[in-house]
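Engineer: Spelled out from the first residue to the last, the chains are:
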Amino acid sequence: MRFARFTLFLSVFLSSLSMANAFESEQQRTYSAQNAQETLRIISTADIDVFEPIIYAFQRQNPNVNIDYVVASSTELMRAIYEENLPFDLAISSAMDLQTKLANDGFARTYSSEATDTMPGWAKWRNQLFGFTQEPAVLVISEADFLQTPIPTTRDELIELLRNNSEKFDGRVGTYDVRTSGLGYLFATQDSRNTEAFWRLTEVMGRLNTRLYCCSGEMITDVASGKIALAYNVLGSYAASRLHNTAGIVIVPLDDYLSVMLRTAVIPSEANNPEGAGLMIDFLVGLKANTDLSASTGLPPIDKEALQAESAMRPIQFGPGLLVFLDKMRRETFLRSWVNSITQD
Amino acid sequence: MSRKDQKWSIRRRLGIQLSVIAALLSIAFYLTVRTVAEQAAADTQDSILAASATSIADALYSERGAIRLELPYSALSMLGTISEDQVFYRVVAKDITLTGYDDLSIPDTSQNQRDVVFETTIYRGVQVRAVAMSRAVSTGNQAQEVTVVVAQTRLGLAATSSRISSTATAVAVGFFLVVTALSLLAAQSAVAPLNRLTQSVTRRGPKDLRPVVTETPRELVPLVDALNSFMGRLRFSLTRSEEFIAEAAHRIRTPLATVRTQAEVLYRQMKQPDNKKSVREIIRAVDESSRSAGQLLDHAMVSLRADQLETREIDLTYLMRDASDRLAPTSDLKDIHLKLDLPSHGCKIMGDLILLQSAVRNILDNSIKYSPEDSSILIRLADDEEYHLMFIDEGRGFESSNPQNLVKRFTRGSNVSDVIGSGLGLTIADEVARAHNGRLEITANKDGPGTCVSLVLPYS
Ligand SMILES: Nc1ncnc2c1ncn2[C@@H]1O[C@H](COP(=O)(O)OP(=O)(O)OP(=O)(O)O)[C@@H](O)[C@H]1O
Ligand SMILES: [Mg+2]
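Read top to bottom, the protein sequences are chains A and B. Those letters in the first sequence? Residues 17 to 361, per this note's numbering, in order. Those letters in the second sequence? Residues -13 to 446, per this note's numbering, in order.
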């Protein structure tokens, strides 16, 4: 094997996250079509209930495509494609850095169509990586805890607030555990590039015995229940979709900047049905025209005007720069510093 | 002159040669632009790769005896600024990969004295450009040699070079077309003096043997000189033959005059009518010969002068009155009345007086000669966009249906055998008319019997 030694290195870093050696899926569901002629195997980080409306809408347009939808974490998705070369037709992930690595290291197919040609340049890379949502990382707070307290609008104000109210917030702050969450790692590394305040904030959160989470959903649930008062770097789209059935949470988009993650689709090089995958990509990048659908999924489509309207939005840029924090040593150093700051027993 | 079929053309040959040169230049231009531009693009990639490797090498440090790297964000992101190419890197110390892609080959730095080495190789089935850079990092008590390799695929370069190629192609083709068009114009203008020369020679009248004075380029001067000297010799030999005729006519006239005088004396002494008749025949033949000699002399003179007119301003009314005055004695002998009808204003042209006098004299001489006694001749000058010098008599007219034949040399009418003549008078008048860009018109008299001979001269 040509890449044996390299994949060894990758599996070492992946197995440090999860001790299992084979790829593990979280959920799986098959959507059979009426007159099925082909099957499209999708591996995705998006929960089934988020993505289901898209699958149904897609099948209405393409009634002869069965869809096999597998949910996995971004690191498991990476393992499935990068190490095990499983024949998925489409890989959809919120971890832009890992998706970039797939494309950079030759695990992605090139695809272009009329739909992808009209995409803005910043939303795709190498015609292999296609961003179809723009989802900011936001601060989610529990309404009850901020009745008397002013709501912070920048990271500096947030640090100030946490410092001055350490009794109130002790054990009641949440954020991603960047060691296990690919998206959390992406947001944290982007934060470390964007602002000096990031390490101070991590430091302060460490002193407050911050709770660490695997996923945005759980953070939102805990904020709603009052278990924690605020959660930092929550996926804004998930929070927004929970607003209508969850009482007591407020979404705070910070003013200094908002890291915006683009959910991306990649056709793996081992795909058996790249044509079907191409159809799905065309469908996904056309989400903006389908306002009902994007409303029901809660996934905000790529929209230049929306970005310009909110000047704090800073879309994470595609390119080899995203590979930097995947570097073995860089990751080790970053995680060491982060762990040192966040756990201060 | 339709010899196009067999002759090659300077213009075409020149055009083809220039087009071939243009094509060669276009190809050379294309190759140069491509090479230079591709080299520039490759150099750009090399310098960014080197900058990336440098920034990685600068980020090396040692921690508790181990070499560590804080991979700078810019080291990889800068490689993404010019293209969307794949990027690979590897950091090696003592044959152990510290980080990066551990199957990425290391360009051989030992051969080269410099610490930066570039290499183009294949990695993961794609052509990549790789740079290797060595850096000594001190780990406590000793320094360790660390090699940084950064590689990038060359798709952006290929795209750039194909863009440059198509631009260079377009420019080269455009250049070729423009230069070819200009070449054809240049070839055209190169042969233009030749065409001008040809025209200036063909436009000439049959007798115009003056040297060619058209402005010609230096290259054509020998040709023009040869032409001119040829024409000079031709003119010389023509002149010589005209002079010979004049000389001969002159030499014949003098002895003829002697013969005539003697014959006249003899005639008066003769008694016998038969003999008298014979002598009269002799006298008539001598008159005829003498007239011919005179006219030949006149004709030779006209031919010579027609080549080189001595022009000056001439008043045609004066010319006509003068002719009428000179021939009045002759007309008086036949009781012929010469009527002048001249405009009151002067009618001036530029012309050769001697020639015009000769022409007018010959025409008026005919009118008198072929008119009966006691008739009249109208000498009229009409000014009608041209000058019409008309001589209208009431004589016998001509029988020929085509009077222009009478202009030919030694041609006489069929109804004039009783009158002495050589058949050169109208020839002289016609040549003079042509020398002045005019013409001779011979028509029947509209108002009765007789002839109207007009010398038509354009304004000058
Ligand atoms: N006014 C005229 N009336 C009738 N016939 C004429 C008249 N003028 C010329 N012709 C005819 O044209 C002929 C040619 O004239 P041209 O003057 O050339 O010769 P010519 O008069 O016969 O001889 P010469 O050379 O001695 O004048 C004449 O022979 C005559 O037949
Ligand atoms: Mg005559």
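Mixed in with the good hints, there may be bad ones.
[Stated by the list, open to error] With a Cα cut of at most 25 Å, we get these calculated DMTMM-like pairs of lysine to aspartate or glutamate: (1) A:K117 / B:D88; (2) A:K117 / B:D101; (3) A:K344 / B:D81; (4) B:K80 / A:E348.
In case anyone wonders, no lab produced these hints; they're calculated from the structure.
Engineer: Hints first: check each against the structure and report whether it holds.
Structural biologist: Here is what the structure says about each hint:
1. A:K117 / B:D88: Satisfied, since the Cα-Cα distance of roughly 15 Å is no more than 25 Å.
2. A:K117 / B:D101: violated, 30 Å
3. A:K344 / B:D81: Holds - the C-alpha atoms of B:D81 and A:K344 are around 17 Å apart, at most 25 Å.
4. B:K80 / A:E348: holds, 21 Å
Figure legend: structure checked against the earlier numbered hints; the only hint not met is number 2.
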